[in-house]
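**Q** The residues making up each chain are set out below.
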Amino acid sequence: MKHHLRMTIYALLTGAIMAGFSSPAWASIRVFACEPEWAALATEIGGDNVSIYTATHALQDPHHIQARPSLIARMRRANLVIATGAQLEIGWLPVLLRQSANPKIQPGKVGYLAAANYVQKLNIPNRVDRVMGDIHPSGNPHIQTDPRNIAIVAAVLLQRLQQIDPAHADAYQARYQDFTGRWNAALQRWQQQAMPLRGERVLVYHKGWAYLLRWLGMVESDALEPVPGVPPTTSHLSSLLSKLKQQPVAMIIYAAYQNSRAAEWLAGRADIKAVKLPFTVGGTDAASDLFGLYDDTIHRLLIAAQAK
Amino acid sequence: MNSIKKWAICALVMATYTMYPLQPLAAEINNQQEINNLKQQLQQTETLLKKMQSRLDRLEQRQAQASEQTIPAASPVVSPSITSPQYSQSQPLASPVAMPQPATSSGSASANAFNPEISAVLNGGYYMFTQPTSGFAIPGFAVGDAAGLGKRGFSLNESELDLASNIDNMFYGSLTVSLAPEGGANVEEAFVQTLNAPLGMTVKAGRFFSGIGYLNQFHAHHDDFLDRPLPNRAFLNTQFGDDGVQLRWLAPTDTFLELGGELYSGNAFPGGGGAFRGQGTWDAFMNVGGDIGYSQSWKAGLSYLQTRAIARDAFDAAGNVAGRFSGNSRLLLANMVWKWAPNGNRLYQNFRFQSEFFYRYENGLFGVTTPLLAYQGRQFGWYGEGVYQFMRRWRVGVRHSELFANNSGAAVITGGLLDTGGHRPRRDSVVVGFSNSEFSRIRLQLSRDATQPKVDYQLGLQYIMLLGAHGAHQF
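The listed protein sequences correspond, in order, to chains Z and W.
Heads up, my numbering is the position in the first sequence plus 2, with the first residue counted as 1.
Heads up, my numbering is the position in the second sequence plus 305, with the first residue counted as 1.
FYI, nobody ran anything at the bench for these hints, they're computed from the structure.
Backbone N, C-alpha and C define an ideal beta-carbon position, used for all residues, glycine too.
Be careful, since some hints might not be right.
[Stated by the list, open to error] Restricting the straight-line Cα-Cα distance to at most 20 Å, the calculated cross-link-like pairs of lysine to aspartate or glutamate (EDC-like) are:
1) Z:Lys278 to Z:Glu202
2) Z:Lys106 to W:Glu743
3) Z:Lys209 to Z:Asp136
4) W:Lys759 to W:Asp621
5) W:Lys456 to W:Glu487
6) Z:Lys209 to Z:Asp224
7) W:Lys509 to W:Glu494
8) Z:Lys209 to Z:Asp180
9) Z:Lys209 to W:Glu743
10) Z:Lys247 to Z:Asp287
11) Z:Lys111 to W:Asp473
12) Z:Lys106 to W:Asp473
[As the list claims (entries may be wrong)] Where chain Z lies over chain W, by a calculated footprint (3+ residues, C-beta under 8 Å):
13) 509–521
14) 739–746
15) 758–764
[Stated by the list, open to error] FRET-style restraints, in silico, Cβ to Cβ:
16) Z:Ala309 to W:Gly689: 51 to 59 Å
17) Z:Met197 to W:Ser600: 49 to 57 Å
18) W:Ser600 to Z:Arg263: 52 to 60 Å
One chain only, chain W, in its complex shape (with noise of 0.2 Å):
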C-alpha cells in the first residue's frame, strides 16, 4: 500500500508541474506581476496537491474498512448496515465529500493496547530556610518519620512510577513506587478494587492511601502547595496509608452520600506495631456533596480513625528515634472542600476552597528509654486553604494551619518532646503556579513557619512534571 501511495503522490507531483510550468522563475524574477501570478499558481498547487492526498487517504482509508469487522450487532430490529445509501445518492456536496462510513475498533488491536497505563513524576527543587532545619520539631507532637521539611539548597524530591489498568471485567489494580534521590524504591500504593460488586458496593485491598478527611487519598504532585499543611504532617504523618481493606458504599441517590470503612495493619502511623494480630487500625468515614447551580460545587465528610500502637516510634529532624509511644489514639476529621467555576467552565477560572480540622485523643506510656511514663494528649489542630485561578495556567494559592496541644501525665518533661512550652504552632504559605499543560506545573511558595518559637521564613521553587499516561484525578 506504502509504495502504491508513493508511486501516485510522485505521479501527482509530476502532473501537476507540467500544468503549471515554473520556468519562467530564473528569467523574469524583476517583474513584480510576475512573481504575483507565480505565488498564485503554487497556491493553486499546493490545494490541488492537498485535494489529491486527501482523495488518496480517503481511499485508504476504505480500504482499511473493508478489512473491518461491522458494529457488534446484538437486536435483531436493526441492521448494522444503517448508513441507508440513499445518503451517498442524495448527496449534493459532489462526490470528494464521501458519506463517512460507520466503524467499530477505534485504536490498533495489539497486544500492546493491554499494556497499563504508565505514567512517572519527576520532582524537584530549591529550598531556603532562614533557621537551621537540623532543629526542626513540632512542639507538644511526638511525629513519623515524614513529618519534617525538605532538604536546603537544591535537591531532587521522590519520583514516582504509576501502573494502573483494569485487570479483567471484577478488578482494577494500580501500582505506585516512589523512588528516593538517595537510593531504593519503596511501594507507595499497590491495590486491588472491585469493578463490579454489587449494590453500588467498592472493595479495595492491599496498600493505599486511607479514604479519611480530604486531602490524604491524593497523591502529592496533585497538592497545589509544596508540603501538605501542619496537622496532616503532626497527625497523619503527612499521609495516612497502610495494608489492608476498604469498604465503600454509594447510596443511590441524587445527591453524593458515600459511607466508608476500612481495617488496616495496624503498623503504620498513628498505629505502630500491628496489634491485634496485624489488625491495628481500624477507622469510617461518610461524604457528602453535590453540586449548586452550573458555577458550584462542594463536599463534606466526617471520619474516625482508631488504633492501638505498641512502641510507635517518634523522630527528631535527623531520623532518630526520640520517643516511643504505647496506647491507644483516636482521631476525629471533619472535612469540606467548595469549589467555583464560572458557569462550570474551570478552564479560564476556578477557585477552591478547603478545610480540615483534627482532633486527637491518646492515652497510654511514652518514653525515651525503659521505663515508660503515663501521658494523656488532647490535640487539635486544623487548616484553611484558598487556591484561585485566575487566568488559564496561572494560579495563586493562601494557607493558614494551626496546631494546639494539651498534654499531662508523667512523660511531658520540660523540654520534651511532649512539652509546648506555651506554644502554639502555625504556619502561613503563599503560593503561585505556573502550568503550561496538565502534565507540568512549576510553583514558588513563600511561607511564614511559626512551628516553633524561632519564627522561620522559607521560600521554594519546584517543579512537578508528569510523563506518559494521563491520569484522572479525583474531585
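So that you can see chain Z by itself, here it is in the shape it has in the complex (with noise of 0.2 Å):
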C-alpha cells in the first residue's frame, strides 16, 4: 500500500514537471537569434522543426542592446543560441547568457554558436586603445554582409543542430543541400551584377562593410565617424568634404538602422548618392530573406554607380 501511494506521488510529481515544463511544440529545437541573418539561416536549414526567436530587428544597432526582460525569458528555454560573437554583442548577451539560468547554451556548450568564430576576421587591430574609439579586438564582426561567410556558418548550424538534434538529422543534412545548391547559383548570379562595382571608392557611415566591399572588390576610403562608435561631427564631415574634393568617391553607404542625416548631407554637397543598405534581413522591404538581402545590396550599389 505504502509503495502505491509513494509511486502515485512520483508519477503525479513527473506529470506536473512534464506540463509545467513543456510547451505545445515541445518536440521543436528552440532557435534564440541574436541577429536577423541567423534567424533566417536557422530557417533555411531547420525548416518546421526549429522554432525561432530573433533577439533584434534590422532598425536597431546590435551594438547599442538592452538585455530585457523578455530576452532572457526567451533563452531561459533556448536549445541553440546563435550569435555574431567577436564583441558584436559584448554589451548584453553576456548578461543574458548568466541571467537565463541555462546551462545548455553558455560558451563552450554545443547549444552556442559565435558565429564570428568560424570565418576568416578582417580589421584585426594591431594595437586596441579607446582612443580609436569602440573597436572589437578580434576583428570586424560585421561578417554577414559578404554572402560567402553565411555559406560557412549554414555548415557549422548544420553540424550544431544534429547533433542537438539527432532524430532529424537527415532533414536538416537534405535541407542544407538544398540550401547551399540555391546559394551557389545565387552567389555565382550577384558576383555577374556586381562586376561593375569592382575598384569603386565608397565612404561608409560605419566601418560595418568590410566584408562586403572585399568581396566585390570595393574600395573603403573613409568613414563617417571619426572613430567607430562615435557619431559624425560637422568638424568631421567638413573635412571629409574637403577631400572628397580631391579623391571623389562614387557613393556614400549606410545602414538601416543608421541615422541617414550626415550622409544625406555630404551627399548633397559632394553632389553623390547615399546608399541605405539594409544590411541585415529585414532591413529593407525587399529584403525579406537571406536571398533578398543580397539581392537588395546589390541592386541599390548597381542603382547607385549608375547614377554617378
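Both chains are given apart, each in its own frame, so use the hints to dock them into the complex.
**A** Written out as C-alpha cells, the structure is:
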C-alpha cells in the first residue's frame, strides 16, 4: 500500500513537471538568434523542426541592445543560441547568458554558436586603445555582409542542429544541401551582377562593410564616424567634404538602422548618392530573406553607381 | 615574417617610384597642368601600394591560417572543408578577391586570455549647498551611516575596482572593491554564482547587493542621478547588501517571471548585530516583465524584507552614533520600470520611467543611552523618475521623492531623531547628462531639498568614467 502511494506521488510529480516545463511544441528545437540574418539561416536549414526567436531586428543597432526581461525569458528555454560573436553583442549578451539560468547555451557548449569564430575576420587591430573608438579587438564582427561567410556558418549550424536534435539529422542535411545549391547559384549571379562595382571607392557611415567591400572588390575610402561608435561631427564631415574634392568617391553607404542625416548632408554637398543598405534581413522591404538581402544590396549599389 | 614584409614593401616602393618618376617636381612646379598630373600619379601610386599591401596582408593571413586548426568537427555528416573549391573556381571577380577561409580561433590563445575582465570607475565632482551640511538629518528616521549627502566643494568620490570572470564551466565570480578618497578599501561585492544549475535556478553566495526593489542591485555608476532617492537612503542606507546566499528561479515561460529569496548575516542595515546566530535578515522578491511591441518594455516587482536588528546604530551627519535600535523591521517594496525607444533602437532617443514604493514597520526599543525606550514606526516612502535621451549623448531627467513617518512610543522624544515635527521630507532634482561614449559621463544636477523644514538648494557637477573592460548592464 505504502509502495503504491509513493509511486502515485512520483507519477503525479513527474506529470506536473512535464506539464509545467513543456510547451505545446515541445518536440521542436528552440533557436535564439541574436540577429535576423542568423534567424533567417536557421529557418533555411531548420525548417519546421525549429522554432526561432529573433532578439533584434534590422532597425536596431546590434551594438546597443538592452538585456530586456523578454530576452532573458526567451533564452531560458533555448536549445541553441546563435550569436555573431567577435564582441558585437558584448554590451548585452553576457548578461542574458548569465541571467538565463540555462546551462545548455553557455559558451563552450553545443548550444552556443558564435558565427564569427568560424570565418576569417578582417580589421584585426594591432593596437587596442579606446581613443580609437568602439573597436573590436578580435576583428570586424559584421561578417554577414559577405554571403560567402553565410555559407561557412550554414555548415557549422547544420552540425550543431544535428548534434542537438539527432532525430532529424537527415532532414537538416537535406535542407542544407538544398540551401547550398541555391546559395551557390545565387553567389554566381550576384558576383556577375556586381562586376561593374569593382574598384569603386565608397564612403561608409560605420566601418561595418569591410566584408561586403572585400567581396565585391570595392574600396572603403573613409568613414563618417570619426572613430567607430562616435557619431559624425560637423568638423569631421567638412574635412571629408574637402577630401572628396581631391579624391571623389562613387557613393556613401549606411545601414538601415543608422540615421541618414549625416550621409544625406554630405552626399548633397558632394553631389553623390547616399545609399541605404539593408545590412541584415528585414532592413528593407526587399530584403525579406537571405537571398533578398544580397539581391537588394547589389541592386541598390548598382543604381547608385550608375547614377554617378 | 616581419623582415620579409619589410623587404617586400621596400621593393614595392622602389618599383613604383621607378614606374612613376617624380623628378620633374622641382623644375616645372609652376605649371598647373603638371601639378594635376602629379597629383593623379601620386594617387595611382597610393592605390597601387594599398593594393599590394593588402595582398601581402592576405598572404600573411593565409600563412597564419595554415598553422591554425580547423573547426572542431563534431558530427561526421559534414566534413569541415565546407568551402567547396567551386567557389574560388567560379569566382568571377578574379584573383585579388579570394574566398574567405573558415577559421576557428579568433583571438590570441595566450595565457592572458584567461585574465578576468578588469575595470575601474573614476568618480569625482563639485557640490554646492545653501544650507550647512553638518546639521543634515531626515526627521523621523533613524538612518544608517551612508544616508547623508556628500561633501561641499571639490571632492573625489569612491573609486571602484572590478574584477569579473567565469571561473569554470560551473561558476562565475565577481569582486568589487571601493576605495575611499581618504584611504582604505572596502569590499563592496564579492560573490560567486552558478552557471549551470538545473531547472532554471541560479545560486549566488558571498557579499552582494540584494535583488529587492529595482534600483538597489545596480552599482552607483549606472545611475542617471548623482544620488539615490530619499527612500533608498532612509530605508536601505542607500544600497542594501550583506553577506549571504541568494536563490533565483526563472520560470520557463515566454513572459519573464522570476522568483528569488535571500538569507543574510543580518549585520548590514536595516539589520544589525547578526541575529539568529548570524542569519538575521531574509527577503523574497518576484519580478515580471516583457515587451509591448518593438518600442516598449517593462518590468515590475514586489519584495519583502524582514530582519531582527540587535543594537543597530543610527548616525548623525557627522558620522557619530546618535541612537540604537533593537527589534524587528519589516519592509515591503513595490517597483516598476517602463522603457521606450523608437523601434527599439535606443541609440538616438529613449525614455525611461521608474518608480518604487516602500512601506516599513518597525517595533522594538530605541534610545541613545540605556535604558532603551519602546518605539513603533510606520513609515512610507516613494519616488518617481523619468529620464529622456533626446539626442545621441545627451539626456535630461527629473525625480521626485518623498518620505512619511508615523512613529509612536516613549522613544519618540520631541526634537529627537524619531520626531518628525510634523514635517514630510521631500526632494526634487533635475539632471542633465552628457556621455561622450558609454564609458564616460558628465552630469549636472540641481535639487530642491526639503528633507528638513529649511529648504536647501543644491548643485552637483560630477564625472563618472569607466576604464577597461566593457561591463554589460542589466535592464
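**Q** Okay, which hints does this one fail, numbers in order?
**A** 2, 8, 10, 13, 15, 17, 18
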